[in-house]
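Student: As a plain string of letters, each chain reads:
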Amino acid sequence: MPIPTRLVLLVWTAVLTACSSIVVQTDVSYDARYSATVLDVYMPPPSDAPRPAVLIVHGGGWHDGIFRSSMEDHARRLAEAGYVTVNIEYRLVPGGGEFPHAVQDCFCALAWLRGHASELNVAPDRIAGLGYSAGGHLVSMLGTAASAEVVAPDCEAGPAAPLNAVVSGAGPQDMTKLAQADAVIQFMGGTSAAMPERYLDASPLSYVAPGAPPFLFIHGNADYFVNIDDHSRRMQDALRAVGASAKLVEIPGGGHIWNNAAGDWELPLTSLDTPEAQIALVDFLDHAIGPVP
Amino acid sequence: MSGELALIAAAAAAAAPPAETITTAAPAAEQLDVYALSLGIPSTDGWRGGQLTLERYFADYRIAVGAAAELRESAAGDYTGMRIGSALQVRRFGQEKPYLSVLPRGSMAGWFVGAAVHVDTNVMHDDVDSRWLASTLQLGVSAEVGYRIAPWRKLIITPTFGAEAHHDFDLTGRLPGWNKYGLTGGLELGWLF
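So the sequence lines, in the order shown, correspond to chains V and G. Each residue of the first sequence is one higher than the one before, counting from -10 in our numbering. Each residue of the second sequence is one higher than the one before, counting from 965 in our numbering.
Do not rely on the hints blindly, as some may be mistaken.
25 Å max Cα-Cα, derived SDA-like pairs, lysine to any residue [stated by the list, open to error]:
id	chain 1	residue 1	chain 2	residue 2
1	G	K1061	G	D1024
2	G	K1144	V	D37
3	G	K1144	V	I174
4	G	K1144	V	Q14
5	G	K1144	V	G71
6	G	K1144	V	T15
7	G	K1144	V	D62
8	G	K1061	V	H276
9	G	K1144	V	F56
10	G	K1144	V	D53
11	G	K1144	V	R65
12	G	K1144	V	V12
13	G	K1144	V	P257
14	G	K1144	V	P83
15	G	K1144	V	Y213
16	V	K166	G	A1040
17	G	K1144	V	G50
18	G	K1144	V	E69
19	V	K166	G	D1042
20	V	K166	V	P83
21	V	K166	G	K1144
22	G	K1144	V	I55
23	G	K1144	V	F214
24	G	K1144	V	V13
25	G	K1144	V	S58
26	G	K1144	V	A211
27	G	K1144	V	G49
28	G	K1144	V	E61
29	G	K1144	V	P33
Hints in this document: simulated from the structure, not taken from any laboratory.
Make the full structure from the sequences, and use the hints.
Tutor: Here it is as structure tokens:
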């Protein structure tokens, strides 16, 4: 790399670091049994009062190839807005992440966060989950399936109470409604025809019950991988039917990994990345888990 | 006999009118259309709005300068979001007589490269709680390559591919600004005049 380019990059990095008041701890293990089960903690400037926190779960079809770095800008942005954010990795497929292991890992990460609440100055009853695609599915499970035996974690951090609020971006809510793509079959360990009960066990919709936390769904209405009607709308209806709060931001023309931008289709720009979703997200968090101190 | 034929031929030649001299002037240069009005098809996704672009062509330089305006519903469900956008763009056409064009030589058709700056803003309303939420401002730059097809009369079809970078500002200051980068694909349908 030429020296001037390197110099410019160094200066730019220094400027960014100086401007950011966020402290980041990376690769913190939340379950020592596996190398994949690590997380990054983004700490906002110190505060006297305990702060709300957001557990961030990346997507990628539960499959090896997309990691928590894909959610790093969300973690940093919410931390700069005053939330303690925890951006987690979990076991993927192949590599041990087949259902229910990925869900169990996420419960372990949530239990780890609650267990370290005082150390991180987090209010343990003000923790939201934010995920996109497979991550939207996993945070929805964290919101609804905490008492389900089939996904009960066996890690040292122990079982976890449900999230206090859930933001699911294009998350599958009924696994039986997903197309039988390789990623789905590999995650589930078989087809829906061969194991229908297992698909229901993996569906957040199966666990909706009174007392569910408030949900915000963010979903493009041109999403051909995870259909808005089959997933977010049905889940919203089910939650409202049991008296839970559930809102939906529908992004017109939004796909799963592309969106409208300045008259073009932009890739990768998910519905979660749109200004509209970001406005609704922070407003929802402020109301569901309280404003930041 | 041959002498009679020669006389008849000479008489006929004398009686015939002089051959008309046809002169053809050089063809006049065809008038090029210098304006194009196009609708961005991606912006019509869901048929909840659109983006119109007006271009002015400077044939001597093979450059078209354009201005775009966008208005569309950008959020629905339990929210109402409206996005208003504008852009300035420049395109440099590279072919004198491109394929897939019925337009005269030197028209704004065929391969081009372009660049644009965008400014977008939006407003959001929470319809469940009847509250206005924050607004954002988005500043972006983009570069593109495209091929304008002119298959019939003055109809133009313009697919483009490119890259975009934009910075989003939360006008309330609740969220810090952030940068987003992506690849873009566009398709315009328009008319020359």
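Student: Could you run down the list of hints and mark each one as holding or not?
Tutor: To see whether the hints hold, each was checked on the structure:
no.: 1; hint: G:K1061 to G:D1024; verdict: 15 Å, holds
no.: 2; hint: G:K1144 to V:D37; verdict: 33 Å, violated
no.: 3; hint: G:K1144 to V:I174; verdict: 33 Å, violated
no.: 4; hint: G:K1144 to V:Q14; verdict: 24 Å, holds
no.: 5; hint: G:K1144 to V:G71; verdict: 21 Å, holds
no.: 6; hint: G:K1144 to V:T15; verdict: 23 Å, holds
no.: 7; hint: G:K1144 to V:D62; verdict: 9 Å, holds
no.: 8; hint: G:K1061 to V:H276; verdict: 61 Å, violated
no.: 9; hint: G:K1144 to V:F56; verdict: 18 Å, holds
no.: 10; hint: G:K1144 to V:D53; verdict: 24 Å, holds
no.: 11; hint: G:K1144 to V:R65; verdict: 14 Å, holds
no.: 12; hint: G:K1144 to V:V12; verdict: 22 Å, holds
no.: 13; hint: G:K1144 to V:P257; verdict: 9 Å, holds
no.: 14; hint: G:K1144 to V:P83; verdict: 30 Å, violated
no.: 15; hint: G:K1144 to V:Y213; verdict: 23 Å, holds
no.: 16; hint: V:K166 to G:A1040; verdict: 23 Å, holds
no.: 17; hint: G:K1144 to V:G50; verdict: 22 Å, holds
no.: 18; hint: G:K1144 to V:E69; verdict: 17 Å, holds
no.: 19; hint: V:K166 to G:D1042; verdict: 23 Å, holds
no.: 20; hint: V:K166 to V:P83; verdict: 23 Å, holds
no.: 21; hint: V:K166 to G:K1144; verdict: 32 Å, violated
no.: 22; hint: G:K1144 to V:I55; verdict: 18 Å, holds
no.: 23; hint: G:K1144 to V:F214; verdict: 23 Å, holds
no.: 24; hint: G:K1144 to V:V13; verdict: 21 Å, holds
no.: 25; hint: G:K1144 to V:S58; verdict: 14 Å, holds
no.: 26; hint: G:K1144 to V:A211; verdict: 21 Å, holds
no.: 27; hint: G:K1144 to V:G49; verdict: 19 Å, holds
no.: 28; hint: G:K1144 to V:E61; verdict: 12 Å, holds
no.: 29; hint: G:K1144 to V:P33; verdict: 22 Å, holds
When each numbered hint is compared with the structure, violations occur for hints 2, 3, 8, 14, 21.
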